[in-house]
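Trainee: Chains as they are written, first to last, in the working numbering: chain B, 1 to 557; chain Z, 1 to 440; chain C, 1 to 157.
What the hints contain is simulated information worked out from the structure, not anything from laboratory work. All values derive from a computational prediction rather than experimental measurement. Don't be surprised by glycine CBs; every beta carbon is placed ideally from N, CA and C. Just to be clear, a hint being listed does not mean it is correct.
[To be verified] Each computed BS3-like pair below joins lysine-lysine, with the alpha-carbon atoms no more than 27 Å apart:
no.: 1; chain 1: B; residue 1: Lys494; chain 2: B; residue 2: Lys288
no.: 2; chain 1: C; residue 1: Lys73; chain 2: B; residue 2: Lys174
no.: 3; chain 1: Z; residue 1: Lys306; chain 2: B; residue 2: Lys57
[Unchecked claim] Distance ranges between label pairs, derived from CB positions:
no.: 4; chain 1: Z; residue 1: Glu139; chain 2: C; residue 2: Lys73; range: 56 to 64 Å
no.: 5; chain 1: C; residue 1: Lys73; chain 2: B; residue 2: Gly8; range: 34 to 42 Å
no.: 6; chain 1: Z; residue 1: Gln196; chain 2: B; residue 2: Gly8; range: 25 to 33 Å
no.: 7; chain 1: C; residue 1: Thr145; chain 2: B; residue 2: Glu120; range: 45 to 53 Å
no.: 8; chain 1: Z; residue 1: Lys146; chain 2: C; residue 2: Thr145; range: 46 to 54 Å
no.: 9; chain 1: B; residue 1: Glu159; chain 2: C; residue 2: Lys73; range: 32 to 40 Å
no.: 10; chain 1: Z; residue 1: Lys190; chain 2: B; residue 2: Asp538; range: 47 to 55 Å
no.: 11; chain 1: Z; residue 1: Lys146; chain 2: C; residue 2: Glu110; range: 30 to 38 Å
no.: 12; chain 1: Z; residue 1: Phe63; chain 2: C; residue 2: Thr145; range: 43 to 51 Å
no.: 13; chain 1: Z; residue 1: Glu224; chain 2: B; residue 2: Ile5; range: 46 to 54 Å
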Amino acid sequence: MPKFIVDGKEIEFKLGQTIIQAARDAGISIPHFCWHPSLSVSGNCRVCLVEVEKMPKLVIACSTYATEGMVVSTNSPKTLDARNSVMEFILINHPLDCPICDEAGECKLQEYAYAHGKGESRFDEIKNRKEKRVQLGPYIKFDGERCISCSRCIRFSDEIAKANQLTFVERGDKVTISTFPGESFDNPYTMNTVDICPVGALTNNDFRFKSRVWEMSSTNSVCVGCARGCNTEIWVRNNEILRLTPRQNDNVNSYWMCDNGRLNTFKFVNNNERIDGAFFRKEGALQKVEWAEAINESAKLLKEYKSSEIAFAGSAFAACEDNYLLAKLAKQLGVHNLDFASHIVTGDQDDILIREDKTPNSLGAKLVGVKSSNNGLNLDAILKSIQEGKIKALYILEDDLASLSEEWEQALGKLDLLIANAANQNRTTALADVLFGASTYAEKHGTFVNFEGRVQRIRPAVATEEMERALDGMNMSRWDKFGTKFDRWMQGTKHNSKPSWKILSQISNVLGGKTKYEMAEDVFAEIAGSVDAFKGLDYDSIGEQGAKLKIKQEVKV
Amino acid sequence: MERIVLPEIQSLDQIEVYLANGGFDAAKKAFAQTPDSLIDQVKKSGLRGRGGAAFSAGLKWSFMPKTTDLPKYLCINGDESEPGSFKDRQIFEYNPFQLIEGAIITCYAIGAKTAYLYIRGEYHMWIKLMQKAVDTAYEKGFLGGKMKEVFGTEFFCNLYIHKGAGAYICGEESSLMNSIEGYRGYPRIKPPFPAQKGLWGCPTTINNVETITNIPPIISKGWEWFSKIGAPKHPGTILYGLSGHVNKPGVYELPTGILLTDLIYNVAGGVPGNKKIKCVIPGGSSMPPLRGDQLEGVRMDADSLKEVGSAIGTAGVMVMDEDTNLLDVLIRIAKFYHHESCGQCTPCREGTGWMEKTLKRIKNGLGTSKDLDLLCDVANHIEGNTICALGDAAAWPVKFMITRFRDEFEKYVNSDVVISVPNKVHAMRNTAVPLSDLKK
Amino acid sequence: MEFKFTEENLARINEVRKKYPTSLAAVMPVVYIAQDQNGFISSEVMTEIASVLGIDKVNVLSVVTFYTMYHTKQMGKYHVQVCTNVSCMLRGAYDIWDQVKNKLGIQNMEVSSDGTFSLEEVECMGACGYAPMIAVNEDYYENLTKEKVEEILDSLK
């Protein structure tokens, strides 16, 4: 590979790489605002100016190709002088409203001003005024004064979201960003512009003024909005999810996620319609009982039915581990009626990220064995059998079958026994005879398999009653670390829920099963040992970026 | 002295007159030769671009790739927006056919089938005149498909006029291309250069109107003849534009290398009221100004002006007499670049406004000597750090005006001013307050 | 207010498009045609331009707001442009500017109440050797004196 020198260090580069790319691969970060690895190069911010030997002027590292033997300095006096001055120029008209700016703490301008600024301004004039609090689209507010005209949002919309909705208007220092008059910045991916905005010019309506970023912990996770499985970070303060942001994974979602996934896949974790604890129907009403009682009762009741009278419904919303143990419990009871509901929204799909399948784990559920076997019934047949009175008991894992159709709701009402694991109250839980409060994807370890057969991990970001943030190795914010229980931010709600795999394994053990799982990872180890597609994998090797399963042919889901 | 670009021939804008004076003979001669030979002749003639940078025209043509499947383009820059520059309009008005002839020869030499003539939008009348000439050329077969018959060659090309719409920056070659393509006139990052990736990503050559108009005489009379006119390293004639405090302002075609003092005193009739000269900007407002006492012996060609710390630019000579308030002049220049900065890159977008604001504060009596240093420092940090040359163009007048006329600028500042907000990090104050006011 | 190009202008647009390999490139001349027809460029006009050229509306907006000769509001029947750049300034352009402002009773980029005049302080118009100058709509008036300016403005009714 060809080599060039950056700050005295010889580094390799691939032909066609710019200085900034090659340096980045070698772990040398050159300051930049407008450059973004997956957008076209605009070269306008000028903060990446570097000195290159034998070049008469400083060059921008984002558009200058690395060449064999090139000698680059990112910290020579000339480079530093130019960088300082660019910082000064950017700041002269930038409102210094960091104390009330949502971006503070993750603001490139703030970070670079700290690292590369002179610390004082020589600008002694009146700052330019521009439009503030412009509602650019349903989810985005724009502050023209904070904007540094890097054009990332414009390029993102055009190049990634394929919706040319934003543009610069006016010129010179009057330049600002606008949609067409009367039109809304409303493509399905608008909120990514908030993430890539290097300053606080674009803010997220939903998150605006909710929290300083350093008060939150962030935990790597996966979006549950569709089968793409966009990698995310879950941001939590006071044990409450305040926002989701996309996390880079070039094999899945690059740097992006859709607005629907970002906005609509975490609020159910926070809301107060959670199933807290275990419930058992006594005298026609669900009564809260001890977990052990509900588990024992479930086991006892299941034993009262013939295997042909029982059906199990897995869930594409639940993790592989949960579905695996459900399938295992079915097997233990000799039940072949096993399937899960699909949630396809026909036509709601694009060539960017959004998939028709609105669940995160269809493929995973199928692979770990949630499918009818030995002439067992599939979901449609299960419905029919319930209607005909042949199936009398149904175990539903984390899905609201009653909301699928009127027929389903009526059928569930006909059952002798309905056991449900659910996180939130819904039409299915209203009909349940035994109800377990299930931990959500944000409260447990586990794995999902996306539509392309990539297995990816979820991790607990929110603690449940049985968990302690510090003791369970969960990510912690500054507040989590240094707050005391007398501080108001330590009084966040913890829900009384358990991961489904744990509930299922306890029922199984009451029924004579002998497995002991300490944690989700143990379940996964068993999956890896018994399901070909998962062979050789463990949580470590799946890691932060997931692992492609060895699936010989496309599994139809 | 013979005039090359604007010959002393009545009604040369009439095709009959142009033809009667040897019009399109150069094109005929050119089409009988190879493109490479033409490029070589233009190179040897020493013709340097008349748009400001004075780069060798032949060398520029030679950068065009010889083997490419892409179409090639010629852009002719008639944006002419540099304050002090008003020469191209003379060509549109008085000698349009020589420009057209130059264009078709250039197209042939670089292998372009299409030329765009970019004329600033404010030149409504000159666009109409030029369009009339282009229409006539099409009619007579000097442009378009009919060229094959008229010239008896396989080669033909089209020339289209693109009307600007009020943006100085479009005179910058890459902005000009963006403007033709239908975008904002934002300069492009270089490299790639236009010869590699120009209009619509295709190889493109961009020459100034005056440069192109020089081509037919070079071809018909030979490069040797041309190379002997004027300054040896910057040969030919130039359309000098004299403006400001001179008795006979206007455009004069004269050889390069003429003494600046000759130009002002003999050609343009000297300064009204026989006043002394305080300042001359020799090449349009972007170029560093010269002091009145610096003018003796200065010659008007690229190298001589470089030696005295300025540049030929577009040879728009602005003369200012001893009574001129240079602060006012500099404020007006700074205002211009602030207004015309496209806003794309940081140093120019922010720096041009900063300089104008600070100069205006000085004008309001609230400046200090330190502000003069600050202005120079701001200018120094714009210079060389921007995408295009507008940054330099905005920085030079400020920097050189203040350094070369520091004595005068010191008179405009007030040592008696204090800054009302001591912590400048939060400085958003409306005005500085004179010390005398604070004491009251 | 809905805007539609006249048949005649649609024909002009078709001619203009032939000059360029892309339809986007025709945007500048087409904005001029629209301004000819409508007097100024409203968002309805931009929408129609985008639809006639088959380009994104923001591309039209982007261009219209960049170039100073495109007007997004109705200017006067006579749009008076006074150059105050250096060469003109050295020969009294600011006196002319003040004179025109006073005479018309309007400030920069304002339109007189009867819609007859609008005023713009413009950058160098390329008439430096014939300074000072003003332009009224498309016509240049050069080598001006106060008297001449008075005469020119009086002749515009």
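Trainee: Do the alpha carbons of lysine 73/C and lysine 174/B lie within 27 Å of each other, as the hint requires?
Mentor: holds (18 Å)
Trainee: Quick check on a hinted range of 25 to 33 Å for glutamine 196/Z and glycine 8/B, using CB atoms only.
Mentor: holds (32 Å)
Trainee: Could you see if the CB distance from lysine 146/Z to threonine 145/C stays within 46 to 54 Å?
Mentor: Given range 46 to 54 Å: holds, Cβ gap about 49 Å.
Trainee: May I ask you to test the hint 46 to 54 Å on the CB atoms belonging to glutamate 224/Z and isoleucine 5/B?
Mentor: Since glutamate 224/Z and isoleucine 5/B have Cβ atoms about 48 Å apart, the given range 46 to 54 Å holds.
Trainee: Can the suggested window of 30 to 38 Å be confirmed for the beta-carbon pair lysine 146/Z and glutamate 110/C?
Mentor: violated (50 Å)
Trainee: When you take the CB atoms of lysine 190/Z and aspartate 538/B, is the distance between them in 47 to 55 Å?
Mentor: Cβ of lysine 190/Z to Cβ of aspartate 538/B: about 52 Å, so the range 47 to 55 Å holds.
Trainee: Kindly confirm whether 43 to 51 Å is satisfied by the beta carbon distance between phenylalanine 63/Z and threonine 145/C.
Mentor: holds (49 Å)
Trainee: For the range 34 to 42 Å, tell me whether the beta carbons of lysine 73/C and glycine 8/B fit it or not.
Mentor: violated (58 Å)
Trainee: Under the criterion that the straight-line Cα-Cα distance not exceed 27 Å, is the pair lysine 494/B, lysine 288/B satisfied?
Mentor: holds (17 Å)
Trainee: Between glutamate 159/B and lysine 73/C, does the C-beta distance stay in 32 to 40 Å?
Mentor: holds (33 Å)
Trainee: Determine whether the Cβ-Cβ distance between threonine 145/C and glutamate 120/B falls within the hinted range of 45 to 53 Å.
Mentor: holds (51 Å)
Trainee: Check the following: the C-beta atoms of glutamate 139/Z and lysine 73/C are separated by a distance inside 56 to 64 Å.
Mentor: Distance hint for glutamate 139/Z, lysine 73/C is violated at roughly 40 Å.
Hint check: violations occur at hints 4, 5 and 11; the rest are consistent with the structure.
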